[in-house]
Amino acid sequence: MNAVIRATDFVHTLPILFVVGWACLVLLAAALSSDERRVDLGPLSALGLAIGICIAAWSWSEHAQPATGLFASMVVVDRFAIFFDVIFMTAALFTSLLSRGYLREHGFSESGFYGVVLLACAGMMMMVHAADFVALVLGLETMSLAIYCLVASWVGQRRSAEGAIKYFVMGAVASAFLLYGIALVYGVTGSTNLAVITRKAWTLSSEPLFIIGMLFIMAALAFKVALVPFHMWTPDAYEGAPTPITGFMAAAVKAAGFAILLRAIGTVFSAESVVFGSAGWANVFVILSALTMSVGNLFALRQGNIKRMLAYSSISHAGYILLGVIAMATVPDSARANATAQGPVLFYLMQYAITTIGAFGIVTWIGRRDAQRLMLDSWSGLASTHPWAALAMTVFMLSLAGIPPTAGFFAKLYLFSAALQQPGLLWVVIIAIFNSVISVYYYLRPVVMMYFQSADSSEAGEPSHSPATVFVLALAVLLILAIGLMPSSPLAWADASVLAGR
Amino acid sequence: MSFPRFTKHAGLLSVLLLLAIGGTAFAQDATLVRAEQGNGLLWVFRVFAVLMLATAALTISVRNAVVAALCLVGTLISTGVLFLLLHASFLAAIQVLVYAGAIMVLFVFVVMSVGDADEHEIGISSGLISKILGLAALIGVLFVVLPQFKSQIVPQAAPLADTSDFGSLKPIGRLLFSDYLFPFEVLSVLLLVAIVGAVMVSRRRSADETVDQGGAQ
Amino acid sequence: MIPTGDVLIVALTMFALGLLGVIIRRNILIVLMSIELMLNSVNLTLVGFARAHGGSVGTAGHGFSFLIVALAAAEAAVGLAIVVAVFRSYRTVNVNNVNLMKR
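Residue numbers (our numbering), protein chains in the order written: chain D, 13 to 514; chain V, 606 to 822; chain Y, 1437 to 1539.
Simulated from the structure, these hints should not be mistaken for laboratory data.
Virtual Cβ for every residue (Gly too), placed ideally from N, Cα, C.
A couple of the hints might just be wrong.
[Unchecked claim] A few chain V residues that face chain D, going by a derived Cβ cut-off under 8 angstroms, partial list only: (1) 787; (2) 795; (3) 805.
[Said to hold, decoys possible] Just the calculated beta-carbon pair ranges, DEER-fashion: (4) D/429 / V/745: 35 to 45 angstroms; (5) D/425 / V/710: 50 to 60 angstroms; (6) D/17 / V/710: 28 to 38 angstroms.
Construct all of the structure, not just a fragment, from the sequences and the given hints.
Written out as structure tokens, the structure is:
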């Protein structure tokens, strides 16, 4: 209890502190804004996030060596965490720009909305920077509570409230499991610090109580990334949420869940007997991965609602990503494992975040107050009325399906080839490839609708002219094509951001 | 809520609450004299553990939400007593003040404002598979985990010195502002989210917002 | 001296009761109370282990437990706000009636 907190600790954690501070600024601006002097909150929070990304980029270049032991060993600042910071802030930036037009179109109240988006982003950043379960839980809860509120923020809309209450109940149960698991681990090891637990895990890994605690923690994390037995909340919450928030959830919340899953597997689960021993974590995860991608894809095939289809598609992508996580976990030599298999996972999460926000951005863009166009049927003939929206949607769908000139293709290629290097994963990779082929069908369905069917009605309606929305969508398309054509440098960033050898 | 049923439960509940409050006072005396050697404290523990579980079982089984809330208060106060027995005097105070006081007032307030929350039946009717899975998991957890608590790996308590300030305000306060400074500050962000979010979600719809669209696209 | 194992068994039973409440009850307010039971049981587990460890390790457990009480308060506030929102749009708090979305 003789903690030393240095002034430099605050410099190391500057990106987090900046986002929290900016969130307070945005909330204050919302409170002071009146009908006469209306503050444009969306661009204001986007500006803050853009500055935040710059600070994070500076921080990334400074932290070639991870800074540990900050705030009495509560926080770690390494390139892995900063890489995810950038993903979260980019997702939040896109979301706040997309929300501007959406909120105006649907007559939302803006007050509070942007501030909570920023605080959710801050919660995710605290979570990936946590070196201790105590800090991890509080960051996770900050994120979760903010997301529950954002899902429910469409006041008076039944789907919003319904999705939020289902998400809240299941999420709160998952948090209780997480906390109970942490309590058991604390009881057995006498610590909540990830590094200390990792050291003790080598001797305790065959103790049932320790394993049960870890099982509870893993179940809670599986809930957050929506792996198959814990995925039930996803379609309802995704459908009920305001569309820009759905994109934020698919991109950032999922990435945050995988970030802590990777950190947990990279540290606590590194004990070989935990991975390969009687409990056989790796085998359990292999089955979960195969189930997740198959169930997600099969249900996505049957959806007529585009938001639900994308929700199930996000479940199947979680299955693919988990495959990469397993590939990392099954290499006994930790340094080599991180180098070969973790980079592709980070790369995949990065491009998936951009693509999925883009896809939900199109749904945001073409939806009007009187015609939300959430059903696939209403997309027919869109190419003639909204040519740019149709073109951008085609790019996003091709990237989600993993078709060559886009980022999604390379992400899948790297991920599957990393998995193929592990003996015993061949059959899962075959299932994954088979699933990718199936998924092409439902990803191309909206494209076929848009280009090869004539508009059934005259309810064309211009897309709401929000320059911010158009900017975000154009940027997302450009990023996807740029990553697809020149994948080497983003992949190099991802490779440089892997966790240090455990 | 139907009035007669409420009064019936209220009688039972007031007895439980009185027991809990009386027990709190007794346990406090007992911890003050630190009569650790005797079996007396063990019996106090057993009584309040049973009381806690009984009120918890009532919470999830009564039909009326107000009665459930009162049962939950009983559970929380009994837990506070257990905290005292485990030398967590600060947490016991927090438990009664924050949980049994503030959170439960919030609950009762919402129950009252939302109104009659009677449900028609208790049973497995929707999401049958998930409910069965949940129950199976529950039974599995109980059967797998419970025996482990008697194992060697569970640490056992050593007697505390009379001068020990374990569990009092001083060491916890010191901890919160040194080792736990970062989580403590994150907690402030968490509470900010809760305040802003709760206001955002529960406000009334303003005039120009879209009304509910039911099945519209 | 209270055996740690007894405390843990009591806590786990309460956790199970809370989970059972979430599974079988359809009144959303009681579901929220069941979640409070689960969090309360986590606190009891932590306090039990903290007593067993004693010293600064035990104090850390108490600190964590304190943070969880605050977390539970925040969670209850948000949960109840969402319940109020649900109630405003449905006029019911029965989970089964909350089913607009297509499976």
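Requested in this report: Check each numbered hint from earlier against the structure, then list the numbers of those it violates in ascending order.
Outcome: No hint contradicted; all consistent.
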